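Using the sequences and the accompanying hints, generate a full structural model.
Residue numbers (numbering that gives the first Met the number 0), protein chains in the order written: chain A, 0 to 289; chain B, 0 to 277.
Hints are computed from structural coordinates only; laboratory data are not their basis.
Nothing here was measured: the structure is a model prediction, and the numbers come from that model.
One or more of the hints may lead you astray.
Heads up, incomplete: computed chain B residues facing chain A, CB under 7 Å, no partners named [unchecked claim]:
| # | residue |
| --- | --- |
| 1 | A91 |
| 2 | V125 |
| 3 | T137 |
| 4 | I150 |
| 5 | S231 |
| 6 | P235 |
| 7 | A244 |
Derived DSSO-like pairs: lysine-lysine, alpha-carbon spacing no greater than 30 Å straight-line [what the hints assert, rightly or not]:
| # | chain 1 | residue 1 | chain 2 | residue 2 |
| --- | --- | --- | --- | --- |
| 8 | B | K166 | B | K181 |
| 9 | B | K166 | A | K100 |
| 10 | B | K6 | A | K100 |
| 11 | A | K100 | A | K222 |
A few chain B residues that don't get close to chain A, going by computed Cβ distances all over 10 Å [said to hold, decoys possible]:
| # | residue |
| --- | --- |
| 12 | G178 |
| 13 | L180 |
| 14 | S191 |
| 15 | S233 |
Ideal placement from N, C-alpha and C gives every residue a C-beta, glycine not left out.
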Amino acid sequence: MNNRNHFINYLFILPAFLLVVILLLIPMLQNIYYSFFNWDGIKEPIYIGLKNYLSIFTDVNFLISLRNTIIWVGFTLIFPVMGGLLVAVFMRGLKFENFFKSIFFIPITISFVATGIIWTYMFSREMGVINSLLNLIGLNIKISWLTKVPLNTFALLIGWTWQQLGINMVLFLMGLATIPSEQTEAAMIDGANKWQMFIHITFPMLRPITTVVITMAMVNSFKAFDIIYVMTRGGPYRSSETLAVTMFRETFTIFNMGYGAAIAVILSIIVIAVSSIYIKRMTQKDLLYY
Amino acid sequence: MKVKPTKFVLYFIVIILVLIWLLPVWTSFLTAFKSPEEFISQKFYQFPQKLLSIIENLKNTFGIYKLHEHLLNSFIYAVAGAGIAIITASMAGFSIIRLKPKFNFPIFLIIYSGTLFPFQMYLIPVYKLFNTIGLYDTRLGMILIYSAMCIPFSLFVYRGFYTTIPKEIEEAAKLDGCGPLKLYTYIFLPQSIAPTAVVALFQMTWIWNDLLFGMVLTRSQNTRPIMVALASMSGPSGGTIIPYAMAGVILTSIPTILLFILLRRYFISGMKLSVSGE
Numbered sequence: 000m001n002n003r004n005h006f007i008n009y010l011f012i013l014p015a016f017l018l019v020v021i022l023l024l025i026p027m028l029q030n031i032y033y034s035f036f037n038w039d040g041i042k043e044p045i046y047i048g049l050k051n052y053l054s055i056f057t058d059v060n061f062l063i064s065l066r067n068t069i070i071w072v073g074f075t076l077i078f079p080v081m082g083g084l085l086v087a088v089f090m091r092g093l094k095f096e097n098f099f100k101s102i103f104f105i106p107i108t109i110s111f112v113a114t115g116i117i118w119t120y121m122f123s124r125e126m127g128v129i130n131s132l133l134n135l136i137g138l139n140i141k142i143s144w145l146t147k148v149p150l151n152t153f154a155l156l157i158g159w160t161w162q163q164l165g166i167n168m169v170l171f172l173m174g175l176a177t178i179p180s181e182q183t184e185a186a187m188i189d190g191a192n193k194w195q196m197f198i199h200i201t202f203p204m205l206r207p208i209t210t211v212v213i214t215m216a217m218v219n220s221f222k223a224f225d226i227i228y229v230m231t232r233g234g235p236y237r238s239s240e241t242l243a244v245t246m247f248r249e250t251f252t253i254f255n256m257g258y259g260a261a262i263a264v265i266l267s268i269i270v271i272a273v274s275s276i277y278i279k280r281m282t283q284k285d286l287l288y289y
Numbered sequence: 000m001k002v003k004p005t006k007f008v009l010y011f012i013v014i015i016l017v018l019i020w021l022l023p024v025w026t027s028f029l030t031a032f033k034s035p036e037e038f039i040s041q042k043f044y045q046f047p048q049k050l051l052s053i054i055e056n057l058k059n060t061f062g063i064y065k066l067h068e069h070l071l072n073s074f075i076y077a078v079a080g081a082g083i084a085i086i087t088a089s090m091a092g093f094s095i096i097r098l099k100p101k102f103n104f105p106i107f108l109i110i111y112s113g114t115l116f117p118f119q120m121y122l123i124p125v126y127k128l129f130n131t132i133g134l135y136d137t138r139l140g141m142i143l144i145y146s147a148m149c150i151p152f153s154l155f156v157y158r159g160f161y162t163t164i165p166k167e168i169e170e171a172a173k174l175d176g177c178g179p180l181k182l183y184t185y186i187f188l189p190q191s192i193a194p195t196a197v198v199a200l201f202q203m204t205w206i207w208n209d210l211l212f213g214m215v216l217t218r219s220q221n222t223r224p225i226m227v228a229l230a231s232m233s234g235p236s237g238g239t240i241i242p243y244a245m246a247g248v249i250l251t252s253i254p255t256i257l258l259f260i261l262l263r264r265y266f267i268s269g270m271k272l273s274v275s276g277e
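In structure tokens, the structure reads:
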């Protein structure tokens, strides 16, 4: 024990280290390697340098996918994130607060696939709940939510918001709990109304947790795959794909694996860039040195 | 008691939102109890005639889609995958924090970097690797990849927790002549209930809900996880029998809902950990 380099100290780390290096790290490096090749997974890969990366500028499907991904991120920031914040702020102090909180929380406990199936039903053209509701108020228009472009992406995002708002709400509630009550009390004595309090006190003091929420929400929206796959398979005609779905399709449906690897790299660069603030926070020296 | 008008509006908005949020849950739940014929002929808000249709619907999910086989697969994956991650990550966390071998910081960073990249970065090479060494479409392969993917987060949790164990306890044990193995087994491990619960909750849920790796790395019935089977029950190409799909949704959601209910207080501490690292 006195010898820090005692063999057994390394032995404790070994299993975890091996699993991660063999199944995650080395594959990650291999993925970067594959992205420079033209490869269908079976035949010999052909080296093509940066061709995969350059072709994204001319690939219509990629550009549509990129557009959809941007819509996903924007929508996520507005509805699940801001919505989560507003719900958290305005629900505090209401009677039955805990009951309300759990309602928004339920969707997190089920899988993305389950969410996708539920909302496929909601948006179904013939028997769906949404169209039936519209029918009830007199609008018998039978919208084809999941096949009209770009309506289908927004339908997907509604299902996504339904599931994701709860988690942001929970995080914001955690942040709200850290605001010292003296501030809000002093403000109330000074005559501030709820809205003024929100803008000048609550929101600024929530900045740390807001950073986390925004980062996590953006990263999750980049990674969203299951819900899109279940509800539309990325279609029709690849019109509702996001980068994550495109990567899957190019790799495992079209078998353009080098190109799929390049898309994975691009996706990773975007995700890491977005998370860099969060990463910086998590790997702060004082946090990791003990 | 007069209710202030703004408070009233607030309650109104919240209640509307709650109703909107409950609508999908309620209609889906209701649909699972309808037979396919009832479903087609009824409006969405009408109640089923006989509640027992759910049994029929479930029987069909078992019969046609063989959900029970996939449930078993996912159960094995969740328990084994999270289990291996828990054991290996707690051991590694212990060593990194207390035993401090040389290079422990770079080693920690290497493992923690697993949380940075989206899963797509691992997908193609692991697919190729599994094909090459014969782990494609095997339960062992799935358990290994799920374990590997759970380790980074688990290590993060255990490391954070172990920094809170007072040094005095460790000093006392050392004075009593405890070697590292005894220190780990009798001191650190028994105190690890909280981080283990957090890891179990988050990682078992994640493994259970996985679709992507299940689809790519398996293809037969006795290896495919549950969500792949569930996803096959519904799709844009038509032929979906919605009551069956809803019965499947309920069935496959019960384990994770139960897990959340049982371990709910660890959910908050898990969230706190991800947010502030402590």
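Double-check A244/B for me: the hint is only fine if its C-beta lies closer than 7 Å to a C-beta in chain A. 5 Å, holds
For K100/A and K222/A, compute the direct alpha-carbon distance and say whether it is at most 30 Å. Holds. K100/A to K222/A sits at ~26 Å (cutoff 30 Å).
Please check whether I150/B passes as an interface residue: C-beta within 7 Å of a C-beta belonging to chain A. 5 Å, holds
Hey, does the P235/B contact hint survive, CB to chain A under 7 Å? 5 Å, holds
G178/B: least C-beta distance to chain A exceeds 10 Å? At about 6 Å from chain A, G178/B fails to clear the 10 Å cut-off, so the statement is violated.
Can you confirm whether the C-alpha distance between K6/B and K100/A stays at or below 30 Å? Measuring from Cα to Cα gives roughly 18 Å; hence the hint holds.
Looking at L180/B again, its CB stays over 10 Å from all of chain A? With a cut-off of 10 Å, L180/B comes too close to chain A, as the shortest Cβ separation is near 7 Å.
Checking hints one by one. Is S231/B an interface residue toward chain A, by the C-beta closer than 7 Å rule? 10 Å, violated
K166/B and K100/A: Cα distance at most 30 Å? 39 Å, violated
Interface restraint verdict for V125/B against chain A (beta-carbon cut-off 7 Å): 5 Å, holds
Report holds if the minimum CB distance from S191/B to chain A is greater than 10 Å, and violated otherwise. Its Cβ never comes within 10 Å of chain A, the nearest being 14 Å, so this holds.
Should the interface hint for T137/B be scored as holding, given a Cβ-Cβ cut-off of 7 Å against chain A? Where the cut-off is 7 Å and the nearest Cβ of chain A is about 14 Å from T137/B, the hint is violated.
The earlier numbered hints that this structure contradicts are 3, 5, 9, 12, 13, 15.
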